[in-house]
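**Q** Each chain, letter by letter, is given below.
Number of protein chains: 2
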Amino acid sequence: MKLKERFRVATNNHLELYGVDLVKLSNKFGTPLFVFDEKLFRQNYRRFLRTFQKNYQKTIICYSIKTNYNLTLCRIMQQEGAYAEVASGLDLHVAKRAGFQADRIILDGLYKSARTLREAIRYKINLINVESFSEMERINKIAGEMGVKQSVGIRVNLYRKRMSFKSMYKSLYCHPDSRFGFSIDTAYLVFRRASKFENLQITGILTHPYYETIASLPKLCSLIKRIQSELGIELQYINFGGGFRSTWSISPIDLIKDFFRQKIGLKSKLDKEKKSTDIEKISALIANTLKKRLTDMPEPSIVFEPGHNLVNDAGLLLLRVGCIKEASGCKWIVVDGGTNLIPIYTERRELIVANRASAPPAETVNVVGPLLYGMDFIAIKTRLPRIKEGDLLAVLNSGAYTMSFSTQFLYPRPPVVLLDHNAEIKVIRDKETYEDVVHLEKVA
Amino acid sequence: MKLKERFRVATNNHLELYGVDLVKLSNKFGTPLFVFDEKLFRQNYRRFLRTFQKNYQKTIICYSIKTNYNLTLCRIMQQEGAYAEVASGLDLHVAKRAGFQADRIILDGLYKSARTLREAIRYKINLINVESFSEMERINKIAGEMGVKQSVGIRVNLYRKRMSFKSMYKSLYCHPDSRFGFSIDTAYLVFRRASKFENLQITGILTHPYYETIASLPKLCSLIKRIQSELGIELQYINFGGGFRSTWSISPIDLIKDFFRQKIGLKSKLDKEKKSTDIEKISALIANTLKKRLTDMPEPSIVFEPGHNLVNDAGLLLLRVGCIKEASGCKWIVVDGGTNLIPIYTERRELIVANRASAPPAETVNVVGPLLYGMDFIAIKTRLPRIKEGDLLAVLNSGAYTMSFSTQFLYPRPPVVLLDHNAEIKVIRDKETYEDVVHLEKVA
Chain A
1 MKLKERFRVA
11 TNNHLELYGV
21 DLVKLSNKFG
31 TPLFVFDEKL
41 FRQNYRRFLR
51 TFQKNYQKTI
61 ICYSIKTNYN
71 LTLCRIMQQE
81 GAYAEVASGL
91 DLHVAKRAGF
101 QADRIILDGL
111 YKSARTLREA
121 IRYKINLINV
131 ESFSEMERIN
141 KIAGEMGVKQ
151 SVGIRVNLYR
161 KRMSFKSMYK
171 SLYCHPDSRF
181 GFSIDTAYLV
191 FRRASKFENL
201 QITGILTHPY
211 YETIASLPKL
221 CSLIKRIQSE
231 LGIELQYINF
241 GGGFRSTWSI
251 SPIDLIKDFF
261 RQKIGLKSKL
271 DKEKKSTDIE
281 KISALIANTL
291 KKRLTDMPEP
301 SIVFEPGHNL
311 VNDAGLLLLR
321 VGCIKEASGC
331 KWIVVDGGTN
341 LIPIYTERRE
351 LIVANRASAP
361 PAETVNVVGP
371 LLYGMDFIAI
381 KTRLPRIKEG
391 DLLAVLNSGA
401 YTMSFSTQFL
411 YPRPPVVLLD
421 HNAEIKVIRD
431 KETYEDVVHL
441 EKVA
Chain B
1 MKLKERFRVA
11 TNNHLELYGV
21 DLVKLSNKFG
31 TPLFVFDEKL
41 FRQNYRRFLR
51 TFQKNYQKTI
61 ICYSIKTNYN
71 LTLCRIMQQE
81 GAYAEVASGL
91 DLHVAKRAGF
101 QADRIILDGL
111 YKSARTLREA
121 IRYKINLINV
131 ESFSEMERIN
141 KIAGEMGVKQ
151 SVGIRVNLYR
161 KRMSFKSMYK
171 SLYCHPDSRF
181 GFSIDTAYLV
191 FRRASKFENL
201 QITGILTHPY
211 YETIASLPKL
221 CSLIKRIQSE
231 LGIELQYINF
241 GGGFRSTWSI
251 SPIDLIKDFF
261 RQKIGLKSKL
271 DKEKKSTDIE
281 KISALIANTL
291 KKRLTDMPEP
301 SIVFEPGHNL
311 VNDAGLLLLR
321 VGCIKEASGC
331 KWIVVDGGTN
341 LIPIYTERRE
351 LIVANRASAP
361 PAETVNVVGP
371 LLYGMDFIAI
381 KTRLPRIKEG
391 DLLAVLNSGA
401 YTMSFSTQFL
411 YPRPPVVLLD
421 HNAEIKVIRD
431 KETYEDVVHL
441 EKVA
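Residue numbers (my numbering), protein chains in the order written: chain A, 1 to 444; chain B, 1 to 444.
Derived from the structure by calculation, the hints contain no laboratory data. Just so it is clear, the structure is predicted and the values come from calculations on it, not from any experiment. Mixed in with the good hints, there may be bad ones.
For identical chains, the list gives no copy identity; a pair is met inside one copy or between any two copies.
[Stated by the list, open to error] For lysine-lysine, the following DSSO-like pairs were computed, each having C-alpha atoms within a straight-line distance of at most 27 Å:
#1 K331 - K196
#2 K331 - K141
#3 K170 - K274
#4 K388 - K272
#5 K28 - K442
#6 K442 - K426
#7 K442 - K124
#8 K161 - K331
#9 K431 - K96
#10 K170 - K263
#11 K170 - K331
Working from the sequences, and respecting the hints, build out all of it.
**A** Below, the structure written as structure tokens:
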């Protein structure tokens, strides 16, 4: 068992995070329990910023609020100097409550209500990234009514159809990712038309997710140069969005491959950590390309909107083993939280038996939640020590798209605690009661 | 456009539900807005009960609380005389609050916490259906401490592996549905062992979902006879669970088929309503088989746990069109609610343009939500009239696994109104504010 340095196995075989016994913690707060690591969360932000700034000084990092919109976690990002990327009125509310100044807030999204646009413009947020002409018209109108010139960015879509199983699958749904922003092929005309709105100032371009952009960097630079020279638009912000995943997913294709691997006597590769995004390399590539190609113009800022990369490994979820079953020749470990708390069950997460942390892996099991449908998985075919009922599982890498994506299906949400920089425990979200779930309802 | 009789198109072309103008309703309450039809909900229950009782008098219908646990809706089922099927402490709390008497509550589920078991036993609910021996041991211990004999049912799993694409797909995950309950192959031994717990009284058998049981009815009857004759266990309840869907889903296979249909010039079949479950036929089959085979024993009650079949078509969701886009040769209709409110996007739902309800279908579109990821669908490749921004879409069949499965990802939840039996409008769940979403959190 390879544990990261913040973890330690105590002499009683309990898993400790900075010296805090996670078994004791679970006894105090019950399970399920989300535990966040403030130190790592701050380090993640600093590493991300430093990596990009090393190659390109004018780098801005926006924390993607929707990834995990807990107020304390957002506040920590605000304290670090991050900007906030918000994508709805709720996100904007959270950003304000967490203390982000208006000039450090960027509003994104395929659809924003008139109410949210009005709030954002009244609050004088830094930038609104737009994805359609109807939105530009709406913003232009509202800004006009308020007598302001609104700074906007334009989202350009670099989505490419590939010769792959995934792309073929997506074609059945008309390539859903292609609907965001404006196609790169029409982008010049979009900027030209956008520049004519009297109450809009075009200051940015957004190309989320970053990995779609990488192969098209020269094309993107040509566009930026052209809109500068021909339209006189000097972009201040080149925004590469997010998508910097540090984990990997298990697809049906992986499961099929693994099935055949095992048929011929090879070991399962499902638990083998795949290489995570090489931020060093990406930052150098982006910086070098921009510096080489965007000459003869004021240097723009580059902007990123990470969420997953910053908060995912800073969060873990403690779950209790409720029962163990055998069926279809598999062992099923049933725990007290499932896709109600970790909806993206295909993402691979490391599991540690927190009350017997040095026990060696012994068998392949399915770890599943307490909900009443088949696909309520925590981990598909993963190697674990021999599990007993009552064991405590620490599900690592549970900070992103878990709480923000959670439901109140069958279970109220669990409490969330933070181990702060002094390794002191703070409750940053109270446990929901049954009444918290239904208090807006009435019995007729 | 074939509208059910409760709907009417008014002279101003607005869609009316029992004379209530849905456009006006959306103007009053905003969008998104859930609208429930009390009359239809009650009718659904009565039809379901009547159909089964016609063939088998001792029929019990349990409303599956998790399908939609709104207190008013649950209260309506309680008033109709339904039992409640609960599957967690939250469900049990809701059932109590909605007025279900203890002897009309059944507790199901793969995993139930000791706390929930204790609550249920203390409250003297009718029956606990168990799915593992460790659970029996837990219940036996708690019942012993409380000095009661707890009535339990045993869940028997009739899941069969089939030669089909779906079954092959499920095999990659070790047939997840097989983990529920006990395999039919071991069921006799399970009942034998279960009968030895001193504080348990075995009174039922559960075989959810009903459709797995149909082909195995004779086998099930043999089992029931054998445990009566050899173990002396007289079952009072034969529970066939739920699964009575009245709608259908769009799978990737359907999309592939449709792709080729259109290639050869045939019309799309995606919008073609598939036959829904024939409850008449099922009830006759079950009743006849039981009457024929379960002779020489006291007549047991048959129990059903529908949810979807009762509440799905009683609910609709009103959504506003925010913008319209073209990409990948498709038209994308972006509305103000998506998989945050209707997570099971593969389920096919009829859409009506509520403000121009008689407009004929004109084109095939993708209707998508406002969230920031590709698979945020409301309807995949569906035929609609030519849509304009600002149009109001009524998404029918939105009552089951929508509210109970909803998230607070990016958006607080919308209000829910009920058109009661007098077609008067009652708010049965208040709109969530931003603060409702974050009030349990603290800014450090």
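**Q** Against each hint, give a clear statement of whether it holds in the structure.
**A** Comparing the hints with the structure gives:
For the homomeric pair K331 and K196, the shortest alpha-carbon distance between copies (26 Å) is at most 27 Å, but the shortest distance inside one copy (64 Å) is not. Taking the closest pair of Cα atoms, K331 and K141 come within 27 Å of each other only across two copies (26 Å); inside a single copy the shortest separation is 60 Å, beyond that limit. For the identical chains of this complex, K170 and K274 are neighbours both inside a copy (24 Å) and across copies (25 Å), given an alpha-carbon limit of 27 Å. In the homo-oligomer, the alpha carbons of K388 and K272 lie at most 27 Å apart inside one protomer (24 Å), although the nearest pairing across protomers, at 50 Å, exceeds that limit.
When the C-alpha separation of K28 and K442 is checked against a cutoff of 27 Å, the pair qualifies only between copies, where the shortest distance is 20 Å, while the shortest distance within a copy is 33 Å. In the homo-oligomer, the alpha carbons of K442 and K426 lie at most 27 Å apart only across protomers (10 Å), although the nearest pairing inside one protomer, at 34 Å, exceeds that limit. For the identical chains of this complex, K442 and K124 are inter-copy neighbours only, at 25 Å across copies versus 39 Å inside a copy, given an alpha-carbon limit of 27 Å. Proximity of K161 and K331 under a CA criterion of 27 Å is satisfied inter-copy only: 18 Å between copies versus 40 Å inside one chain copy.
With identical chains, the CA atoms of K431 and K96 are at most 27 Å apart both within one copy (24 Å) and between copies (21 Å). In this homomeric assembly, K170 and K263 come within 27 Å of each other (Cα to Cα) only across copies, at 18 Å, whereas the closest approach inside a single copy is 30 Å. Proximity of K170 and K331 under a CA criterion of 27 Å is satisfied inter-copy only: 15 Å between copies versus 33 Å inside one chain copy.
Going through the hint list in order, the structure satisfies each hint without exception.
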